[in-house]
Amino acid sequence: NAGVTQTPKFQVLKTGQSMTLQCAQDMNHNSMYWYRQDPGMGLRLIYYSASEGTTDKGEVPNGYNVSRLNKREFSLRLESAAPSQTSVYFCASSALGRVGTGELFFGEGSRLTVL
Amino acid sequence: ELKVEQNPLFLSMQEGKNYTIYCNYSTTSDRLYWYRQDPGKSLESLFVLLSNGAVKQEGRLMASLDTKARLSTLHITAAVHDLSATYFCAVDTQKPGTYKYIFGTGTRLKVLA
Chain D
1 NAGVTQTPKF
11 QVLKTGQSMT
21 LQCAQDMNHN
31 SMYWYRQDPG
41 MGLRLIYYSA
51 SEGTTDKGEV
61 PNGYNVSRLN
71 KREFSLRLES
81 AAPSQTSVYF
91 CASSALGRVG
101 TGELFFGEGS
111 RLTVL
Chain B
116 ELKVEQNPLF
126 LSMQEGKNYT
136 IYCNYSTTSD
146 RLYWYRQDPG
156 KSLESLFVLL
166 SNGAVKQEGR
176 LMASLDTKAR
186 LSTLHITAAV
196 HDLSATYFCA
206 VDTQKPGTYK
216 YIFGTGTRLK
226 VLA
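Residue numbers (the numbering used here), protein chains in the order written: chain D, 1 to 115; chain B, 116 to 228.
Check before you lean on any hint, since a few could be wrong.
[To be verified] No more than 27 Å apart at the CA atoms, straight line, and that leaves these computed lysine-lysine pairs for DSSO-like: (1) B:Lys-156 <-> D:Lys-14; (2) B:Lys-171 <-> B:Lys-183; (3) D:Lys-71 <-> B:Lys-156; (4) B:Lys-156 <-> B:Lys-225; (5) B:Lys-156 <-> D:Lys-9; (6) D:Lys-57 <-> D:Lys-71; (7) B:Lys-118 <-> B:Lys-183; (8) D:Lys-57 <-> B:Lys-156; (9) B:Lys-132 <-> B:Lys-171; (10) B:Lys-132 <-> B:Lys-156; (11) B:Lys-118 <-> D:Lys-57.
[What the hints assert, rightly or not] Covered stretches of chain B (in silico footprint by chain D; criterion: 3 or more residues with CB under 8 Å from a CB of chain D, positions within the stretch not fixed): (12) 160 to 171; (13) 194 to 207; (14) 219 to 226.
[What the hints assert, rightly or not] Here are the computed distance ranges between Cβ atoms for each label pair: (15) D:Met-27 <-> B:Thr-142: 26 to 32 Å; (16) B:Leu-186 <-> D:Thr-101: 19 to 25 Å; (17) B:Gln-172 <-> D:Gln-17: 46 to 52 Å; (18) D:Glu-108 <-> B:Asp-197: 19 to 25 Å; (19) B:Thr-188 <-> D:Arg-77: 35 to 41 Å; (20) B:Leu-186 <-> D:Val-12: 40 to 46 Å.
Honestly, the hints are just simulated from the structure, not real lab data.
For clarity, every value in this text was computed on a predicted model and none was experimentally measured.
Note that beta-carbon positions come from the ideal geometry of N, C-alpha and C, so glycine has one too.
Please take these sequences and the hints and turn them into a complete structure.
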């Protein structure tokens, strides 16, 4: 019962470096999401993919790109990391629309520090 | 734009007391979700409320949804220390093909022994 798996769990980058956060789900969900969590800010949606082959911007997309590689995998890329991107990143997935309850299932999170 | 507000942001309460956390949202939606997060951990689903008037209960927690008032409540009965955590509500936009979930800022609950 893996659910939603994120890698890496921890990463330290220098300003200007690039990296990709990987996310995979094994629940056959159509929709996948990337959130960031900062103290006192709750969870803010970065990008989401309502179905395989589509991606859309969320509340805070600047500085990020995403790829929905297939139905299982949704990656988040930081092309040129900035200290403001220091955060905890969560990947989540859900069944699309009225299928099931629409409940979101979360990965364990990836803690990213940009120096 | 969909906005979700929770209050209070911080709540410190004695064991055995009752309290309510409120979640207001700005646009029409008939589905609302409550999550719990322990420090350093991920989010765990507590309740899924799928229609107006929905009420769900699990142990000392009870959640309800009033879609006309755009309000959900999470009621805590006879709090115990194990309930200390941050609680989030979330609403989905319910636009076919573009479902996205917007979260409130969370309520940090501390239950004092």
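Hints versus structure:
1. B:Lys-156 <-> D:Lys-14: holds (25 Å)
2. B:Lys-171 <-> B:Lys-183: OK: Lys-171 of chain B and Lys-183 of chain B at ~18 Å, within 27 Å.
3. D:Lys-71 <-> B:Lys-156: Judged against 27 Å, a Cα distance of about 26 Å means the pair holds.
4. B:Lys-156 <-> B:Lys-225: Holds, at about 16 Å.
5. B:Lys-156 <-> D:Lys-9: It holds: about 11 Å lies between the C-alpha atoms, which stays within 27 Å.
6. D:Lys-57 <-> D:Lys-71: Given that 27 Å is the threshold and the Cα spacing comes to 18 Å, the pair holds.
7. B:Lys-118 <-> B:Lys-183: holds (16 Å)
8. D:Lys-57 <-> B:Lys-156: holds (26 Å)
9. B:Lys-132 <-> B:Lys-171: holds (20 Å)
10. B:Lys-132 <-> B:Lys-156: holds (26 Å)
11. B:Lys-118 <-> D:Lys-57: Distance ~16 Å between Lys-118 of chain B and Lys-57 of chain D Cα, so the pair holds.
12. 160 to 171: holds (count 3)
13. 194 to 207: holds (count 3)
14. 219 to 226: Since three or more residues must qualify, the claim that chain D covers the stretch 219 to 226 of chain B holds, with 3 doing so at under 8 Å.
15. D:Met-27 <-> B:Thr-142: 26 to 32 Å: The hint (26 to 32 Å, Cβ to Cβ) holds, given that Met-27 of chain D and Thr-142 of chain B are roughly 28 Å apart.
16. B:Leu-186 <-> D:Thr-101: 19 to 25 Å: holds (20 Å)
17. B:Gln-172 <-> D:Gln-17: 46 to 52 Å: The hinted range 46 to 52 Å holds for Gln-172 of chain B and Gln-17 of chain D, with Cβ atoms some 48 Å apart.
18. D:Glu-108 <-> B:Asp-197: 19 to 25 Å: Given range 19 to 25 Å: holds, Cβ gap about 21 Å.
19. B:Thr-188 <-> D:Arg-77: 35 to 41 Å: holds (39 Å)
20. B:Leu-186 <-> D:Val-12: 40 to 46 Å: This hint holds: roughly 42 Å between Cβ atoms.
Checked against the numbered hints given earlier, this structure breaks none of them.
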